[in-house]
Amino acid sequence: LFLTGMLPTEGRGAKFIGRVGAELDVEAGHKAAHLAALNVLAVARQHLGSLDKVTRIVQLGVSIATSGDVRDQPKVADGASGLLQDVFGKDKNPCRLVYGVASLPLGTPVELEVILEVQP
32 LFLTGMLPTE GRGAKFIGRV GAELDVEAGH KAAHLAALNV LAVARQHLGS LDKVTRIVQL
92 GVSIATSGDV RDQPKVADGA SGLLQDVFGK DKNPCRLVYG VASLPLGTPV ELEVILEVQP
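Taking my numbering, I'd label the letters of the sequence shown as residues 32 to 151.
Please keep in mind that the hints were generated in silico from the structure rather than gathered at the bench.
Since this is a predicted model, take the numbers as computed values, not measurements.
You may find that some hints are simply not true.
To be verified - In silico DSSO-like pairs for lysine-lysine, Cα to Cα no more than 27 Å straight-line:
no., residue 1, residue 2
1, Lys123, Lys106
2, Lys84, Lys121
3, Lys106, Lys121
4, Lys123, Lys84
5, Lys62, Lys121
All chains, please: the whole structure from these sequences, using the hints.
See below:
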């Protein structure tokens, strides 16, 4: 299951807006990544009917909108990784890619791309 464009939204709007290192600190970025991962779980459960069908997380891509001098992107990404580990177990850790970017949709600080391996 390929999930892209997963943002830190609640309802129809962005819960977090801004760039890490400018309008937001690393802790807020971490919380935004956690919320985006919650949205991943919600969409996966809606599509699959149950998260029990997930056999492993193949890849987690985390794009983080940052100011030019931020070096703590991995700490922000831990917000998503940590939640996925809590839900699926540490033995199902994905390959993780973390990118610092200039901007993201809706002005959010984080966007996730996730590939899940699922039972047929």
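Of the hints given before, which are not true for this structure?
-> Per hint list: zero violations.
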